[in-house]
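Participant: Sequence:
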Amino acid sequence: MYQVVFYRTASGNDVVQSFLRNLPSDDKKAVGADLKTLQFGYPIGMPLCRSCGPKLMELRSSLPSKRELRLLWFFDKASQQIVVVHAFIKKTQKTPNQDRELGEKRRSECE
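Residues in the sequence shown are numbered from 75 upward in steps of one, following this note's numbering.
None of these hints come from the bench; they were simulated from the model. Bear in mind the structure is a predicted one, so any value in this text is a computation, not a measurement. Note that the Cβ used here is the ideal one computed from N, Cα and C, for glycine as well. One or more of the hints may lead you astray.
[As the list claims (entries may be wrong)] Cβ pair distances, simulated, as ranges:
#1 GLN167 - MET75: 14 to 22 Å
#2 MET120 - ASN87: 27 to 35 Å
#3 GLN91 - LYS179: 17 to 25 Å
#4 ALA84 - LEU122: 12 to 20 Å
#5 ALA152 - ASN96: 16 to 24 Å
#6 THR166 - MET75: 27 to 35 Å
#7 ARG95 - SER136: 18 to 26 Å
#8 GLN91 - PHE149: 14 to 22 Å
#9 GLY86 - GLN167: 19 to 27 Å
#10 ALA152 - LYS179: 15 to 23 Å
#11 LYS140 - PHE93: 12 to 20 Å
#12 GLN77 - GLU183: 13 to 21 Å
With the hints as constraints, model all of the structure from the sequences given.
Facilitator: Spelled out as structure tokens, the structure:
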């Protein structure tokens, strides 16, 4: 089992957790179940996870509200932690470049 931690900005804002807290209750439960599967089953592949770039992975959650949520994360080998750096509701088939770039930027800040 690995610990899951969430990205914080330099000023200490929990942007990912704040986003997740604002989801409807049923959606939060679905995301929590997927995170738990990742936490206890890492490494894990499709359909739950896939690569989203070098050192960056995408957790794919289908929500009860009929939306698709994505969590961008990486595995920090030094601390043996799963670090979630970005969360968003997916509106198009392809992961938007701005979301992927933000995930990469935050990942590089954490290393």
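Participant: Next step is simple, just say for each hint if it's right about the structure.
Facilitator: Evaluated hints:
1. GLN167 - MET75: 14 to 22 Å: For MET75 against GLN167, whose Cβ atoms are near 33 Å apart, the range 14 to 22 Å is violated.
2. MET120 - ASN87: 27 to 35 Å: 32 Å, holds
3. GLN91 - LYS179: 17 to 25 Å: 18 Å, holds
4. ALA84 - LEU122: 12 to 20 Å: 31 Å, violated
5. ALA152 - ASN96: 16 to 24 Å: Because 31 Å falls outside the window, the suggested range is violated.
6. THR166 - MET75: 27 to 35 Å: 34 Å, holds
7. ARG95 - SER136: 18 to 26 Å: 20 Å, holds
8. GLN91 - PHE149: 14 to 22 Å: 19 Å, holds
9. GLY86 - GLN167: 19 to 27 Å: 35 Å, violated
10. ALA152 - LYS179: 15 to 23 Å: 19 Å, holds
11. LYS140 - PHE93: 12 to 20 Å: 18 Å, holds
12. GLN77 - GLU183: 13 to 21 Å: 19 Å, holds
Hint violations for this structure: numbers 1, 4, 5, 9, all remaining hints satisfied.
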